[in-house]
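**Student:** Heads up: the protein sequence lines correspond to chains A and B, in order. Everything in the first sequence is counted per our numbering, starting at 1 for the first residue and increasing by one. Everything in the second sequence is counted per our numbering, starting at 1 for the first residue and increasing by one.
Do not take every clue at face value.
[Said to hold, decoys possible] In the DSSO-like style, the derived pairs of lysine-lysine whose C-alpha atoms are separated by at most 27 Å in a straight line are: (1) A/K8 - B/K99; (2) A/K49 - B/K276; (3) B/K189 - B/K98.
Worth flagging that the hints you see were computed from the coordinates, not collected in a lab.
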Amino acid sequence: MQRTLRPKRFNQLWPFYLLAAPGILYFLVFHYIPMSGLILAFKEYSPFKGIMDSPWVGLDNFRQFFGTSDFYILLKNTLLISLLNLIIYFPFTIILSLLLNEVRLKVFKRVSQTIVYLPHFLSWVVIYGITISFFGPSGVINHYLSQWFDGNANFLVSNEWFRPLVIFQSIWKDAGWGTIIFLAALAGINPEQYEAAKVDGASRLQSIWHITLPGIKSTIVILLLLRLGSSMDSNFMQIFLMTNSLNLDVSNVFDLFVYHIGLEQFNYSFAITVGMFKSVASLILVLGANYAAKLLGEEGIF
Amino acid sequence: MKLKATWFDTIIVVIICLISLLVILPFLYIIAVSFSPPGDSMAGNFFIWPKHWTLDAYSYLLNANTFLTSVKNSVIITVMGTLLSLFVSITLAYALSKKFLPGRRIMLLIIFFTMIFHGGMIPSYLVVKNLGLIDSYWAVVLPAASSAFNIMVIRSFFQSLPESLDEAARIDGAGEFRILYSVVLPLSKPIIATFTLFFMVQFWNEFFSAVIYLNDTSRWPIQPLLRQMVAISASNISAEAAVDAQLAANLGPNVQNAAILLAMLPIVIVYPFLQKYFAKGAMLGSIKE
Numbered sequence: 001m002q003r004t005l006r007p008k009r010f011n012q013l014w015p016f017y018l019l020a021a022p023g024i025l026y027f028l029v030f031h032y033i034p035m036s037g038l039i040l041a042f043k044e045y046s047p048f049k050g051i052m053d054s055p056w057v058g059l060d061n062f063r064q065f066f067g068t069s070d071f072y073i074l075l076k077n078t079l080l081i082s083l084l085n086l087i088i089y090f091p092f093t094i095i096l097s098l099l100l101n102e103v104r105l106k107v108f109k110r111v112s113q114t115i116v117y118l119p120h121f122l123s124w125v126v127i128y129g130i131t132i133s134f135f136g137p138s139g140v141i142n143h144y145l146s147q148w149f150d151g152n153a154n155f156l157v158s159n160e161w162f163r164p165l166v167i168f169q170s171i172w173k174d175a176g177w178g179t180i181i182f183l184a185a186l187a188g189i190n191p192e193q194y195e196a197a198k199v200d201g202a203s204r205l206q207s208i209w210h211i212t213l214p215g216i217k218s219t220i221v222i223l224l225l226l227r228l229g230s231s232m233d234s235n236f237m238q239i240f241l242m243t244n245s246l247n248l249d250v251s252n253v254f255d256l257f258v259y260h261i262g263l264e265q266f267n268y269s270f271a272i273t274v275g276m277f278k279s280v281a282s283l284i285l286v287l288g289a290n291y292a293a294k295l296l297g298e299e300g301i302f
Numbered sequence: 001m002k003l004k005a006t007w008f009d010t011i012i013v014v015i016i017c018l019i020s021l022l023v024i025l026p027f028l029y030i031i032a033v034s035f036s037p038p039g040d041s042m043a044g045n046f047f048i049w050p051k052h053w054t055l056d057a058y059s060y061l062l063n064a065n066t067f068l069t070s071v072k073n074s075v076i077i078t079v080m081g082t083l084l085s086l087f088v089s090i091t092l093a094y095a096l097s098k099k100f101l102p103g104r105r106i107m108l109l110i111i112f113f114t115m116i117f118h119g120g121m122i123p124s125y126l127v128v129k130n131l132g133l134i135d136s137y138w139a140v141v142l143p144a145a146s147s148a149f150n151i152m153v154i155r156s157f158f159q160s161l162p163e164s165l166d167e168a169a170r171i172d173g174a175g176e177f178r179i180l181y182s183v184v185l186p187l188s189k190p191i192i193a194t195f196t197l198f199f200m201v202q203f204w205n206e207f208f209s210a211v212i213y214l215n216d217t218s219r220w221p222i223q224p225l226l227r228q229m230v231a232i233s234a235s236n237i238s239a240e241a242a243v244d245a246q247l248a249a250n251l252g253p254n255v256q257n258a259a260i261l262l263a264m265l266p267i268v269i270v271y272p273f274l275q276k277y278f279a280k281g282a283m284l285g286s287i288k289e
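Construct the complete structure from the given sequences, taking the supplied hints into account.
**Tutor:** Have a look at this one:
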């Protein structure tokens with residue numbers, strides 16, 4: 001029988017549109033209407049006149065933003081956190097995957113995976129709470145510092161410690177979870193390659209170098225490019241919690257600035273300008289990363 | 001394959017043990033402090049095994065109105081959010097899994113574009129505000145009702161179901177809703193379980209939208225309250241700015257750490273169920289059409 005029983009006419013198709021409607025409505029209202037709010041970046045918002053009738057100011061907001069020293073500080077802080085994550089967190093995830101992959105005892109592997117995945121599911125507030133218990137003024141680390149070295153460190157309210165703490169938190173929370181995708185890629189490597197290498201007398205380290213790493217090269221490249229594409233996004237929740245007036249020099253990132261300007265000082269237009277700069281820069285970075293992936297002969301992200 | 005442990009295996013096991021220990025130790029410490037009298041932990045004369053046990057912190061928290069209200073709010077938000085997210089995501093993903101549906105490509109494009117571009121914090125805030133949702137649970141629940149990633153994963157699951165299944169049901173005269181409800185959903189238990197747990201975790205952990213959308217702190221879920229409780233000791237927030245001055249005055253390290261533990265408790269409880277599914281779920285997400 002060639003004729004399939006698929007709905008073809010509208011009086012058969014409407015149930016599907018009805019099913020799709022709430023979801024599409026959700027995306028339109030909570031994702032696309034906000035995009036239209038971006039026109040406020042080109043206006044001087046006045047609450048009395050509303051969004052539509054507020055006067056146009058062209059690129060004034062952007063000129064003002066790029067003209068301040070804030071812009072360079074925000075850019076530097078945002079990119080530095082991304083860069084540090086890229087050179088510390090990212091390789092750590094790969095190394096952890098390689099280690100887990102080399103474990104031959106199945107039970108041990110499963111137990112350790114269960115443990116290292118867990119922190120991923122905790123909220124940033126809980127992570128922050130744990131951080132305070134350890135690094136806070138009366139935390140356990142300061143306790144031992146004062147006991148053994150007769151001193152203490154203001155981890156949470158100093159510029160020097162902000163970045164190390166943030167990177168450490170990221171690793172503690174997400175490095176385990178990050179191994180999932182690499183382990184999936186590693187599971188796809190043909191075991192015969194290892195057998196052959198063994199016959200040729202390769203050591204375990206040599207197998208890792210010549211078989212395992214090349215086997216996950218494309219996954220590494222894609223994830224690296226994805227991370228480069230999202231360099232404008234620092235993990236906002238994490239930074240929002242870890243920031244305070246004493247470490248603002250290093251902790252102030254675009255999203256945090258938008259929050260302060262927009263939701264604390266109610267300067268909507270300027271906050272939207274900053275947010276829009278970030279969104280557009282991110283879009284360009286993501287598209288650029290995708291293009292780069294294709295240039296390298298990878299499949300690309302989309 | 002013979003399993004003879006070499007020095008190589010030993011090193012790897014030792015390193016992984018150290019890493020696992022580094023993950024577990026903070027939990028043990030939090031638990032220990034929460035069961036200790038405040039004086040003990042301030043003196044720091046123990047690490048993971050309390051010298052004296054006490055349930056004071058827990059009995060205090062379970063009698064503190066502000067804390068109980070926040071737990072109640074969290075439960076309401078989690079239940080509302082999970083049900084709504086499941087409904088919105090499953091219905092849309094199901095419709096989009098039908099290759100014969102005209103307009104499907106445009107809808108997919110609309111959804112996927114949100115992965116690479118968004119209006120940002122302030123425009124989203126203005127939408128929620130203009131909808132009159134400020135100070136209602138809906139402000140936390142509605143904007144997080146779904147995401148392109150969820151739709152993508154659930155849709156690819158539906159697409160993996162044999163098409164002949166619904167055709168058979170159609171021949172038997174079942175309507176489309178009937179097919180979804182009595183044929184497709186019972187077959188989709190693994191993906192529904194996965195996302196039920198994911199959504200529960202997501203809404204229980206929700207923090208920022210509560211901070212910006214709920215000015216009325218009696219509506220606050222547990223995460224923002226927890227932040228205030230622990231931040232007071234880090235002197236980020238003055239005691240006067242605290243939601244509940246009485247709560248703040250009674251904060252010792254034991255109460256703070258008990259609150260941290262209670263805030264993560266539901267996660268730790270669902271985690272074993274979650275774990276069974278998420279590896280598969282994460283894999284599904286990486287498969288492209």
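**Student:** Against this structure, judge whether each hint is valid.
**Tutor:** Consistency of the hints with the structure:
1. A/K8 - B/K99: Holds - the C-alpha atoms of B/K99 and A/K8 are around 11 Å apart, at most 27 Å.
2. A/K49 - B/K276: Violated: A/K49 and B/K276 sit about 54 Å apart, past 27 Å.
3. B/K189 - B/K98: holds, 19 Å
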